[in-house]
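Chains as they are written, first to last, in our numbering: chain A, 778 to 1209; chain B, 778 to 1209; chain C, 778 to 1209; chain D, 778 to 1209.
Take the hints with a grain of salt, since some may be wrong.
No distinction is drawn between identical chains; accordingly, a pair holds when it is met within one copy or between any pair of copies.
[As the list claims (entries may be wrong)] For lysine to aspartate or glutamate, the following EDC-like pairs were computed, each having C-alpha atoms within a straight-line distance of at most 20 Å:
id	residue 1	residue 2
1	K995	E1178
2	K995	E884
3	K997	E1173
4	K856	E867
5	K995	E1173
These are computed hints drawn from the structure, not numbers from a lab.
4 protein chains.
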Amino acid sequence: MTDYFKGIAPVTYEGPESTNPLAFRHYNPDEVILGKTMRDHLRFAVAYWHNFVWEGGDPFGGRTFDRPWFPADSMELAKLKADAAFEMFEILGVPYYCFHDHDIRPEGASLQESADRLNEMADYVAPKMEGGTQLLWGTANMFSHRRYMSGASTNPDPDVFAYCASTVKTCMDVTHRLGGENYVLWGGREGYETLLNTDLDRELAQMGRFLQMVVEYKHKIGFTGAILIEPKPQEPTKHQYDYDVATVYGFLQRFGLENEVKVNVEQGHAILAGHSFEHELAMARALGVFGSIDMNRNDYQSGWDTDQFPNNAPEAALAYYEVLRAGGFTTGGTNFDAKLRRQSIDAEDLIAAHVGGMDICARGLKAAAAMIADDALEAPRRARYAGWDSADHLSETATLESVAAYAEAGQIDPQPVSGGQERLENIVNRYV
Amino acid sequence: MTDYFKGIAPVTYEGPESTNPLAFRHYNPDEVILGKTMRDHLRFAVAYWHNFVWEGGDPFGGRTFDRPWFPADSMELAKLKADAAFEMFEILGVPYYCFHDHDIRPEGASLQESADRLNEMADYVAPKMEGGTQLLWGTANMFSHRRYMSGASTNPDPDVFAYCASTVKTCMDVTHRLGGENYVLWGGREGYETLLNTDLDRELAQMGRFLQMVVEYKHKIGFTGAILIEPKPQEPTKHQYDYDVATVYGFLQRFGLENEVKVNVEQGHAILAGHSFEHELAMARALGVFGSIDMNRNDYQSGWDTDQFPNNAPEAALAYYEVLRAGGFTTGGTNFDAKLRRQSIDAEDLIAAHVGGMDICARGLKAAAAMIADDALEAPRRARYAGWDSADHLSETATLESVAAYAEAGQIDPQPVSGGQERLENIVNRYV
Amino acid sequence: MTDYFKGIAPVTYEGPESTNPLAFRHYNPDEVILGKTMRDHLRFAVAYWHNFVWEGGDPFGGRTFDRPWFPADSMELAKLKADAAFEMFEILGVPYYCFHDHDIRPEGASLQESADRLNEMADYVAPKMEGGTQLLWGTANMFSHRRYMSGASTNPDPDVFAYCASTVKTCMDVTHRLGGENYVLWGGREGYETLLNTDLDRELAQMGRFLQMVVEYKHKIGFTGAILIEPKPQEPTKHQYDYDVATVYGFLQRFGLENEVKVNVEQGHAILAGHSFEHELAMARALGVFGSIDMNRNDYQSGWDTDQFPNNAPEAALAYYEVLRAGGFTTGGTNFDAKLRRQSIDAEDLIAAHVGGMDICARGLKAAAAMIADDALEAPRRARYAGWDSADHLSETATLESVAAYAEAGQIDPQPVSGGQERLENIVNRYV
Amino acid sequence: MTDYFKGIAPVTYEGPESTNPLAFRHYNPDEVILGKTMRDHLRFAVAYWHNFVWEGGDPFGGRTFDRPWFPADSMELAKLKADAAFEMFEILGVPYYCFHDHDIRPEGASLQESADRLNEMADYVAPKMEGGTQLLWGTANMFSHRRYMSGASTNPDPDVFAYCASTVKTCMDVTHRLGGENYVLWGGREGYETLLNTDLDRELAQMGRFLQMVVEYKHKIGFTGAILIEPKPQEPTKHQYDYDVATVYGFLQRFGLENEVKVNVEQGHAILAGHSFEHELAMARALGVFGSIDMNRNDYQSGWDTDQFPNNAPEAALAYYEVLRAGGFTTGGTNFDAKLRRQSIDAEDLIAAHVGGMDICARGLKAAAAMIADDALEAPRRARYAGWDSADHLSETATLESVAAYAEAGQIDPQPVSGGQERLENIVNRYV
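Please build the complete structure, drawing on both the sequences and the hints.
Printed below as a string of structure tokens:
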């Protein structure tokens, strides 16, 4: 056992009146809402990378955090890091965590060594997982090393494509072995810096074929979790192919994968794509590809991925409302893809940030559930479209001419009806 | 004949050294480039709305332009407007124009009267078109009237859907009758102001079915032009369903229309969606849906649709480079969806703005054509991906395992190769 | 009495549990907080323009609202409009309203007629104000008419400058006569569309001299209210000189007005300038120019002035926290520079939107007041800077050398201390 | 001599027709324009940091560049780095370079050792500078080390303030000793991450006092170069106090420094602040604080500091037009604060990028000079404001009343005049 979190007790629910900064005021794991515990609704996961790998650097400065396992370039330090990670999971009582291969093992000198190290680390964490924190998803980091600077599966060099195939295969195997419930692909370098040197058609074909192979392999090994793509419009690249949910959906259709792959929607990525988080969630639901969420908060006015902990309850309510409308999570969950501000250098900051984030999500969930229970938003929504219940303009036999004929025969003159937006916003504010 | 442009002679090509503000310095219609005249490459069109309908208002002020046909609310004024329009087309020598139904006829008191007026105006302009300016595309304005405030085909009221069916049918008929080469759908109100009152699934279904009907009707009446969708992310709505090219492509696939409908890509809309214009053009080409362009320039720092005349030659070169890579225009063309700044109140401003815009496009085209003729960008692009010529990782028999096995057998360690972006940018700057 | 709001009763406080959409749940005017009633803390004002002048148009569509006083181009309709306005003020029980000259009187055929009409309307509304709704501020609309298209006081035509002098003088006189507590200048056209035709130096000099004249005139007529400038970065112009609080402050200093003029800070304008609302408020306080606020909410992802009603309680809390830190309002107040979404076409929408907005502000105020009462944020803030209490590096006698000598003598090696941002955010979330 | 640039010959001017990727096509140092050589107009400088310190990392990946002096953590490697730097300066024939203390010396274990190392490196580069590349400006890096995470002069810890005083003193001394022509302060961490933990008033006071000390020290040591502040709105902090030129100007006035300090304006920072580069330059000129420029290009659609090499000639022309209007550079110059894209990993990329950038600036300068020689933009500008030549509305004796009286006596009705924006844009396009 490390002493990194020494003196910090497991976090418990103390209720809204508590002023204990390391207690839950809203997240009460066993509380039942709409027939399910909050634990099962929210399915919280802690991200290994932000908490245990990132050193506090930004483009203008280096490490600010002082953690005993840095620089974590040996297996020994990687194990110390894992020890600390699971200590934190236990303090928070989270049911899940998520990792990139690269987060839990240092890169080896060869493809083989990297794989061996990943397997060794999997052996190391497996017993720790018996403590109750399972793997929500695994993924491979195919963006940090310089070999990926021009892309992973979309690289101009076919050897990089092959390198990726091996890396993903290894990482899927480990995810499967550890009982991971999903496997995520995040295409940080699948895109371009400049169109001038990019063969767009070819790169899209490479990426599509790669994804098909991943899906085939999933079935082959009997992995029953979901394959998830995480959309993001840009950063690190100037343009990323997995721009947003609608773009990913079109891509999936093009490669025949729309029933095989779902999306992991991140708040911050939604914002960077010019959307609200709830938009991306609603679109994922409408298109049948809702999978999981990366919960965080992007500064609306900083044009990069700020990955802050969520702190706005009304926004969380709108997000979980869409999650509930989508039927809630199945294999997915709420992963905190959020990092401390780099000035928050204490161990206690790590805990407090998660406690605050979990509470915000809990508040959002409760408000969303209450709105659903009260039919507060759905009743007016149904009423607004009620005219369509008796219209058959969309039927298979309808044509532009037949519908036009209806309009012309009646010389109809449709009158506008209030959209009542402010009244609906006020209703939401009754719940948050 | 009106005297609105009195004293302004037809614009002619005078060459780069000319200082005549109303002469072409670069656009030489009969000059042959890559085997085709500039006229046939560029296929310029003037937009009726910005030039003859818009009064110079903005959200904080009203009409600044003083045009004899304003307010154009009678058929008499509509005809005066048409007279002036064709006078301007003749001065500019443009081969095409574009219109919304609403631009050329005042709204009638009924659906029928609106249709009758459109037909009357079609009769009125048809002989004028013999002067040489043909119809690039027609479209229906289904966003200005308050009946469309909550959407056109996506309206919660099925009667609005029916109203639209009649309106589009009439407008397609007129477009067909006038020999229009395309029919455009721009979904300015097909989207939402707030998710709170929106049934996303239903609205997408309405819009998809409507588009299917339009395509069926096109075939029925023997219209051989293209049906085009014009993507735009937002404004007037908070979110528009036709967000960008990739989103539209996914939508078309979902409704089985990806081989029936193409896109009309606008520079300003690309910018608002967070893309470069050339990105959207390249994406349209890659996805097989490139149709036509709305040329203008959006202020990168104003978050609304500024619709300025293009004035940056290097940017125009990158755009026409993608147009040429897509095989050039077939039914499409270069429509100036651009408007004067509201302080540019003189008739001469209208002419000068188009002359400048046409010259910028001509400069862009010439630079793009030269880069293609010299293989200046394609040679390095081919070289960059040359490794794939002998790789079969994408073959139908390849699997994640087989490709991984290749990597593992060789313990490959792919080395990065310079992307040479600045060198390519320097090459482009040799041509612009 | 009009019957526009027929059937809508005066809005009263019913408490948080009320589900009455037209009752206050949080705004309890007589409730005392930190020694002052909520009425006196918040000093709510209704904006004449958004509610009674704006017709629901946007750049792509015209009037959606159907109000009996439209188009309000006669004195008779202007009076009907005023009747409705004061009926709404009474329903809401607001202590203030705000207007532009142009809002309450139709433009006359001449400068004189416009002035006469303004005075006539002032006579008309004066008795109505005895009902309890006073004038928070008046202002002149010097941006809508085409004469202002190239600026008001910054116009290239000195006659426009003179026209503005007369207009502002008349409007200040009326504001003074009606007991207005402030006079606002909003420079919607004081800026430029393009630097190419702009004499920046000259325009800044014109604007500075104009403001000096306004201040001199204020003193001459014994107007004891504040002169306020309302910063906004752009829209309608490409660039506005009153970009943000810091820019306005520099401008005021340059013309010797930093002790004469304060700022009216608008949430939406702060957002458009790349700032948070609380930043602008904090900056105004720090620079000693805090005056009043225009409360609304700008969509973070729409690059134009969306002027939505505020609906996010945590954000309102941060704003009122800065208002309280600035000592609260003196002559200023909370003006709702907010407009209905254009689909919200019912009279009830007008009332509900204000009720919701007032409640959000009340929630914000209460949370802010509690944080101050508990010293919840100030205690950690003081602690963070406590080292400065005993440092004299800033004293008048200190020099770069003397301070450097201290550092060098001790070979100091300052160690970072956690900024605790997430912990502070969690504290805020205990209050909202 | 290193062999890093082995095989790359000094770059020479070959004229516009050259296709040599490592030749100047436009920058002809000895060519005289408006009475001055291009060398003396442009005063090019190479930035040490981007070229010799940055390793190609971004927030999602590490080093891509493979340079023999990395990681440059010893004096030996620092000297190797300096050798390579001066080899590159010679190849490019640039008259200037710029550095942070941290760029040329590795951080020492103590304040003293860091100072000693800086002095040792100054001794090392001094003889190299006899080769012709002088120091345009020096600056201290007070943002990368974790001690600065909460600010430099604005730090909550007064010891950090003192540490900065020593650091800046040392760096000013070295800059002075090496004949540097300016000293720059860039406040990357002078700002805040969250208002919640920030004492804005106090931090502004600290920063103002620090700057006063710097100015006093400059005079004391007889440094005759300019003290420059480099505005930037955000990144790395959420908000930086030196937001833009207008903000800095207000700050300087507040601390009595507006005649002592000038600005170093960066294209990318202007963009991030919502301005055009030419706006910031024009504003600096109008406010009398124009000093120097950091030339680069920010991607308009990436919300972070992309620091690309400039590649758009029309934009460069507008920038140098404002430089020429400001009287050209005195102590300032054109520093390339630009970095390679991280995929551009070859030594040749470093040279090619600068050659392209220098050529773009040269094209811009030539176009700007020609517009000035032809009075192409100034003649219409003067004409636009000509009415003011005979107006005395701004005189000291004028009052709001007297100017209003003029307007009212004449019942003037000013008529708008075209702003002719598109015509002016067309004029510019004749020159670029």
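task: At 20 Å max between alpha carbons, let me know whether K995 reaches E884 within a copy, between copies, both or neither.
output: neither (24 Å within a copy, 50 Å between copies)
field: Same-copy or cross-copy closeness of K995 to E1173 [CA-CA at most 20 Å]
entry: between (38 Å within a copy, 17 Å between copies)
task: If the cutoff is 20 Å on CA atoms, where do K997 and E1173 land: within, between, both or neither? Let me know, please.
output: Between copies only: 16 Å across chains, 40 Å inside a chain, cut-off 20 Å.
Homomeric proximity label, K856 with E867: Cα distance no greater than 20 Å: within (17 Å within a copy, 50 Å between copies)
query: Within a copy, between copies, both or neither: where do K995 and E1178 come within 20 Å Cα-Cα?
result: between (48 Å within a copy, 11 Å between copies)
Violated hint: 2 only; the structure is consistent with all others.
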